[in-house]
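Peer 1: As a plain string of letters, each chain reads:
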Amino acid sequence: MNLLRNILKSRIESGFYHALISNHYNSPLLAKTHASHSCVSRFESTKAKQHARLCNHEEEDCDLNNFQGLDFPGGRVAFTTQMKFISEYPEKRIPCYRVLDDDGYLVANSMYEQVNKETAVKMYENMVTLQVLDTIFYEAQRQGRLSFYLTSTGEEAINIATAAALMPDDVVLPQYREPGILLWRGFTVQEFANQCFGTKDDCGKGRQMPIHYGSKKLNYITVSSPIATQLPQAAGVAYSLKMDKKKACAVAFTGDGATSEGDFHAGLNFAAVMEAPVMFICRNNGWAISTPITEQFRSDGVVIKGQAYGIRSIRVDGNDALAVYSAIRAAREMVIREQRPILVEALTYRVGHHSTSDDSTKYRPPQEIDHWRTARSPLRRFRKWVQRNGWWTDREEDELRGRVRKQVLSAIQVAEKMEKPSLTELFSDVYHETPSILNEQEKSLRETIKRHPQDFPVDVPL
Amino acid sequence: MATVIMQGIGLASVFSSANCKILHPGSRRTLPERRVGFFVIRSDGSLPSVLNGDKNRRGGLTTNATKQEKATTSTASNPGHEVLLFEALREGLEEEMDRDPNVCVMGEDVGHYGGSYKVTKGLATKYGDLRVLDTPIAENSFTGMAIGAAMTGLRPIVEGMNMGFLLLAFNQISNNCGMLHYTSGGQFKIPVVIRGPGGVGKQLGAEHSQRLESYFQSIPGIQMVACSTPYNAKGLMKAAIRSDNPVILFEHVLLYNIKERIPDEEYILNLEEAEMVRKGEHATILTYSRMRYHVMQAAKTLVNKGYDPEVIDIRSLKPFDLHTIGNSVKKTHRVLIVEECMRTGGIGASLTASINENFHDYLDAPILCLSSQDVPTPYAGVLEEWTVVQPAQIVAAFEQLCQ
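Keeping their order, the protein sequence lines are chains A and B.
The numbering used here numbers the first residue of the first sequence as 30 and each following residue consecutively.
The numbering used here numbers the first residue of the second sequence as 3 and each following residue consecutively.
Fair warning: there could be bad hints in the mix.
Once the Cα atoms are required to be at most 20 Å apart in a straight line, the calculated EDC-like pairs of lysine to aspartate or glutamate come out as [stated by the list, open to error]:
(1) K245(A) with D246(B)
(2) K191(B) with E462(A)
(3) K146(A) with E428(A)
(4) K123(B) with D136(B)
(5) K128(B) with E93(B)
(6) K275(A) with D131(B)
(7) K245(A) with E168(A)
(8) K413(A) with D198(A)
(9) K245(A) with E454(A)
(10) K274(A) with D111(B)
(11) K275(A) with D198(A)
(12) K274(A) with D131(B)
(13) K120(B) with E97(B)
(14) K446(A) with D488(A)
(15) K128(B) with D273(A)
(16) K128(B) with D111(B)
(17) K472(A) with E359(B)
(18) K204(B) with E387(B)
(19) K191(B) with E454(A)
(20) K128(B) with D100(B)
(21) K191(B) with D198(A)
(22) K191(B) with E428(A)
(23) K128(B) with E96(B)
(24) K275(A) with E367(A)
(25) K332(B) with E283(B)
(26) K449(A) with D484(A)
(27) K120(B) with E84(B)
(28) K413(A) with E425(A)
(29) K275(A) with D102(B)
(30) K479(A) with E462(A)
Everything labelled a hint here was simulated from the structure, so no lab data went into it.
Chain A extracted, bound-state conformation:
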């Protein structure tokens, strides 16, 4: 039984590490935890009975030969005569996986996935592009050229490193602070501008607020404003992928605030029960508009909630691009091979305001914001590592920033001057084919416009 105890111990304590050891799954006592189901049946949820949670390894008389347990629905459970409440907070917080230190040095004995020059440079370039894009669009809103904008400042590593670790077939369900995924997959700066300005070239046809991007081509589901609604939908996407037996997964993002929504609970529970290949990535950036995480939940962050649903989870330093990349790669592989959900909590900081409708200096000290913007910046850290490898220079940095800045400014100018979507787009796509009642309403609107042309905006084609 020592074998069992040691396996349990290592499993619990080394969290992420153990998962990469495939021997573990051959333990006879932990049968069938890894079967990737190729048939449509999923009624193997009697795993609870087989799972070696038979006894707490700290119990004195944990002896399988003399097992005395209670046989309730859900599996056997050892009993104890000592009334002990489980503490509301773990003795030690779940440790955070990171690989690069604050100065971009690889920490000794780190376990990580090697990144080649091409990927690393592409990652860094995309992070810079995202940062420049955010800055300029934000300023454009401030100047009154855009109605609304929301930055991902401080979370560039999460955005880009995750994107780099996924495959194009993986379907992404964003919250709203993940435009970097689109950027990595090929969404152009002009396309970003088109959506924000709602021009006729916007693939969303000008119907949504700025930053509510979506692209079927790039497997990125259109952003929907209500929080956490994408979590149950992710289970559905994963279900669809499972039915199609695709080697891809669904990836759903949330923030820390969204974990309070009912949909978070339901979505994770569903994915676990359904054995759906979803990766849940929670960007814990410390703030939900003005609500700090101490007022959002009382648990040890979000990673600890994984086990409550029977979901494997990991906590990673969201500002460490290399760690994020490695973790997501490993998680993705497990999600697809084992057809089960995984929860990744990426700790980070929301450097920008919640959006252009918010001024976060009202509820947090400007020095704190500044500290995270400079000393703890994910770009700074990654850049140091990339440059030290001889893959990047200051000159290239200046050149990149100048180029991107020009690109973004020009995209904005082009988008500003572009025509808006035509009036027909007000009525199309409500249904698959436009019904007569909407045709009538369109006719009625057009008649009104004809009668009062001076009240109708000039840049909207009829």
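The hints should help you fit chain B onto chain A, whose structure is shown.
Peer 2: Below, chain B without anything else, positioned relative to chain A:
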């Protein structure tokens, strides 16, 4: 491919008001033809498109179950087979699942238990428990899940154990189901069917007697239909599954055991069409779902008293079939609406507004609308009975209308 095959056994007389739609040849991933496969089409040979009002409804196979007073709509000339309404729903579901491997079902207890009203009985054994999926109790969640699955190519059918529970799914239905096709610029389509029993049952209590069509009717982007007979239940189920729009199919708790003889051949009904149940001259009665039976009962009494009511089962709750309704109003000039919804904000309220707006000049009298009171449905049997419109009230209202 759209070859026209008409069998010579007077198909026209078999089916009620039936603007049956041709089975779309271009559907994605259709399986090879089933062995029983006569495609019933309209006699004018046209391929009706989904939501395009006027072109669809002229002529063709309009007939007449109006001749019969009973709910049954088929004649003895065609063998057909007798089914109960829940079996008809299951047949429709099974045929569609056979035809298209993307169709799947999810809901509470739909799998090995067979569904609370046995609509999915046997399907899990046949198609596996992934395709007929039992879900945990989280309506918002499995509706959201269906939406996610639909956006990535599946055609899910969500079963609410009772329509009232779908109030928990309102966020997903309103903000995502109805909207995402539009807000994504047409990139993502959501061909889900959300179905379940609603309406006032026999002493089920207020929370289980909800009429959700009132609350949902405003949501842009969804379609709503209500079935009332085994014949239209199967036809509407199939049509809803094939539609690329999100469709909410309202069934009624008390109608699952209605028996009727339905055709053996495959048929689909048009989602946006009303059903002419009884042709008449004096006044039009518009109704749907269970109230259809109360109306027909009242109609019997009215006929004995010498009146000639025209009864239309509107079936399509969103959008209204203003073509059929309009023609009827233009003929009779009087309208009585009989519904189960509450007086405030129900289907009757919208229908009244719609008819007044469009056909005001044709009305000889104000529209009369009989609905339930604005009260939660009481548990006590007698009280409950008094919240639902009864045949006697319909007779009285009709007489008043015709004065």
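Peer 1: The structure should be examined with respect to each hint, and the outcome stated for every one.
Peer 2: Verification of the supplied hints:
Restraint check: the Cα-Cα separation between K245(A) and D246(B) comes to about 17 Å, which is no more than 20 Å; the hinted pair holds. For the given pair, K191(B) sits about 11 Å from E462(A) by alpha-carbon distance, which is consistent with the 20 Å threshold. The straight-line distance between the Cα atoms of K146(A) and E428(A) is roughly 19 Å, inside the 20 Å bound, and the hint therefore holds. About 13 Å separates the Cα atoms of K123(B) and D136(B), which keeps this hinted pair within 20 Å; it holds.
Between the alpha carbons of K128(B) and E93(B) the distance comes to roughly 13 Å, so the proposed pair stays at or under 20 Å and holds. For the given pair, K275(A) sits about 19 Å from D131(B) by alpha-carbon distance, which is consistent with the 20 Å threshold. Of the supplied pair hints, the one linking K245(A) and E168(A) is violated, its CA atoms being roughly 29 Å apart against a limit of 20 Å. Only pairs whose Cα atoms come within 20 Å are accepted, and K413(A) paired with D198(A) is rejected, the gap being roughly 31 Å.
For the suggested pair K245(A) and E454(A), the alpha carbons sit about 19 Å apart, so the restraint of at most 20 Å is met. Our distance criterion of 20 Å between C-alpha atoms is broken by K274(A) and D111(B), whose separation comes to about 25 Å. Our distance criterion of 20 Å between C-alpha atoms is met by K275(A) and D198(A), whose separation comes to about 9 Å. A hinted pair counts as satisfied when its Cα atoms are at most 20 Å apart, and K274(A) with D131(B) qualifies at roughly 15 Å.
For a cut-off of 20 Å, the pair hint linking K120(B) to E97(B) stands: about 16 Å separates their Cα positions. Among the hinted pairs, K446(A) with D488(A) is consistent with the structure: their alpha-carbon atoms are about 9 Å apart, no more than 20 Å. Our distance criterion of 20 Å between C-alpha atoms is met by K128(B) and D273(A), whose separation comes to about 18 Å. For the hint linking K128(B) to D111(B), the alpha-carbon distance of about 16 Å falls within 20 Å, and the restraint holds.
Note on K472(A) and E359(B): the hinted pairing holds, with a Cα-Cα distance of about 16 Å set against a maximum of 20 Å. About 9 Å separates the Cα atoms of K204(B) and E387(B), which keeps this hinted pair within 20 Å; it holds. Under the criterion of a C-alpha separation no larger than 20 Å, the hint pairing K191(B) with E454(A) is consistent with the structure, at around 16 Å. For the suggested pair K128(B) and D100(B), the alpha carbons sit about 10 Å apart, so the restraint of at most 20 Å is met.
Only pairs whose Cα atoms come within 20 Å are accepted, and K191(B) paired with D198(A) is accepted, the gap being roughly 18 Å. With a C-alpha separation of about 42 Å, the suggested pair K191(B) and E428(A) falls outside the 20 Å cut-off, and the hint is violated. Restraint check: the Cα-Cα separation between K128(B) and E96(B) comes to about 10 Å, which is no more than 20 Å; the hinted pair holds. Of the supplied pair hints, the one linking K275(A) and E367(A) holds, its CA atoms being roughly 13 Å apart against a limit of 20 Å.
Simply put, K332(B) and E283(B) have alpha-carbon atoms about 11 Å apart, close enough for the 20 Å limit, and the pair holds. Distance hint between K449(A) and D484(A) is fulfilled; the C-alpha atoms sit about 16 Å from each other, no more than 20 Å. A C-alpha spacing of about 17 Å is found between K120(B) and E84(B), which places the hinted pair at or below 20 Å, so the restraint holds. Distance restraint check for K413(A) and E425(A): the Cα-Cα separation of roughly 13 Å lies within the 20 Å cut-off, and the hinted pair is therefore satisfied.
Straight-line distance between C-alpha atoms of K275(A) and D102(B) comes to about 18 Å, which keeps the hinted pair within the 20 Å bound. Our distance criterion of 20 Å between C-alpha atoms is broken by K479(A) and E462(A), whose separation comes to about 26 Å.
Comparing the model with each numbered hint stated earlier shows that hints 7, 8, 10, 22, 30 do not hold.
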